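With the hints as extra help, turn the sequences into a complete structure.
Protein chains: 2
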Amino acid sequence: MAWHIARAMDMAGHKIAQVYSRDLKDAQDLAHPYLADALDDIRMLKDDAEVTFICVSDSVIKEVAGHLLQPKNLVVHTSGAISIDVLKDVSPYYGVFYPVQTLSAGKPVNFFEVPVCIEGSNNVAEQQLKALADTVSNQVQYLDSEKRRHLHLAAVFANNFTNALYQEAAEILEIQGMNFNLLRPLIKETAEKVQRLSPREAQTGPARRGDHETIRKHLELLPEGHRKALYQLLTDIISKG
Amino acid sequence: MAWHIARAMDMAGHKIAQVYSRDLKDAQDLAHPYLADALDDIRMLKDDAEVTFICVSDSVIKEVAGHLLQPKNLVVHTSGAISIDVLKDVSPYYGVFYPVQTLSAGKPVNFFEVPVCIEGSNNVAEQQLKALADTVSNQVQYLDSEKRRHLHLAAVFANNFTNALYQEAAEILEIQGMNFNLLRPLIKETAEKVQRLSPREAQTGPARRGDHETIRKHLELLPEGHRKALYQLLTDIISKG
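Protein sequences appear in the order of chains A and B. Residue 159 in this note's numbering is what sits at position 159 of the first sequence, and the numbering runs on without skipping anything. Residue 230 in this note's numbering is what sits at position 230 of the second sequence, and the numbering runs on without skipping anything.
It should be emphasised that the hints constitute simulated quantities derived from the structure, not laboratory data. It is possible that part of the hints are untrue.
The list treats identical chains as one, so a pair stands whether inside a single copy or across any two.
[To be verified] Under the rule of at most 27 Å between Cα atoms (straight-line distance), these lysine-lysine pairs were calculated in the BS3-like manner:
1) 62 with 217
2) 88 with 107
3) 228 with 25
4) 217 with 88
5) 46 with 107
6) 62 with 72
7) 188 with 107
On a predicted model such as this, the values are computed, not experimentally measured, just so you know.
So, in structure tokens, the structure goes:
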């Protein structure tokens, strides 16, 4: 997350001033390309940054933010699942900057196409955050913490659970000595289809068309276990949909 | 399926000679751009075609093929789920030509990138089918009916079930008044990621990292019902994976 935000901010012309990490090497790796200061002591962070991004695991946001020495300016976290309130004792101005994308360090994405959901502790914070976010993304919108929790849950279905289905498919092939390459174009096209259509319009397959004979034959192929349970549950969901 | 195969064959320089459909208008629509004959009486099909493609619902392949009047040349079906044997009484030469892709009439795909799995009733049929398939796809491979059944099952996970998860995500957003556009870039990137990585390598999220607190909070958001059951099942599967 830090890698992507630093890259997007730099490309938009903002100055990356300081990078803190528990691990000095990590801080240096991130700071180096931007000629920023690298720190492994959070108390050394200067408080003149316009915005401080806290890009850490959900469970330690509160703790890390609590170590900031009386920041006067905007402090934001980047988590989908955590309320804005976790920062309420940290600064007079705080907020959330949540990019809705799966981000891997070192693999650039076109950040302008990444939806960024923002929330501010007050109008001043929110306007500052909106102006900043607009410089890096074309898809900025306000979203309160309650809605963001639901969005994060939906993202788990669209990303983590979808990938788990890819894995189930890969294992079915693997058992039969087939290569996952057979499914890669299908997976890509399945995601492409809902870029224009709604998932409801895009739904096809035996469950959708009520093809009980194919469903019966598929269930015959699946041994008792989690994969069969998943097949049955998803078939029920599509049939009733 | 017929629309895509006709288009791919035509682009590769093959002549589309005749199109049969129960509905004459459908036959004419498909035949017209290729100056092919359109028929709604299957007994009028001339038997001099090098290959006859049967692109119909699984449940009527046998019946439709049975109406062909003693074809001397290759007859193939295009189904992932149906055995080659369904054609054994139809012609001395028969086979299967199964493109592993989700195909919508009128929406062209780059057929050269579509994996095509072929099977022939004997060496002559198989070689003819391989030579033909190689003119339209760069991803042709032999696959027997048993393996093809498993591939078709895996494709249901990778395509139909994946789309059902998109639908679950869309409904979570809809209930909260959020737009599905928020998830479209994430869905695209999730599919992109496994074009190079294996799904196992690409897996992220609360279940993968054992983040019980986030899982607990997600479960709180979900009312009792199929969606919660799906969340729990997929979380278990990822946790154990």
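query = Under a CA distance limit of 27 Å, which applies to residue 228 and residue 25: within one copy, between copies, both, or neither?
reply = neither (46 Å within a copy, 42 Å between copies)
Up to 27 Å CA-CA - residue 107 versus residue 188, copy category = both (18 Å within a copy, 15 Å between copies)
inquiry  = Please sort residue 217 with residue 88 into within, between, both or neither, judging by C-alpha distance up to 27 Å.
reply    = Between copies only: 21 Å across, 57 Å inside.
Identical-chain pair category, residue 62 with residue 72, by Cα at 27 Å = within (17 Å within a copy, 76 Å between copies)
inquiry  = One pair to classify: residue 46 and residue 107, alpha carbons no more than 27 Å apart. Within, between, both, or neither?
reply    = This pair counts as neither: shortest intra-copy Cα distance 30 Å, inter-copy 56 Å.
key: Within, between, both or neither: residue 88, residue 107 at alpha-carbon 27 Å   = neither (33 Å within a copy, 51 Å between copies)
task = At 27 Å max between alpha carbons, let me know whether residue 62 reaches residue 217 within a copy, between copies, both or neither.
result = between (52 Å within a copy, 17 Å between copies)
Checked against the numbered hints above, the structure violates hints 2, 3 and 5; every other hint is satisfied.
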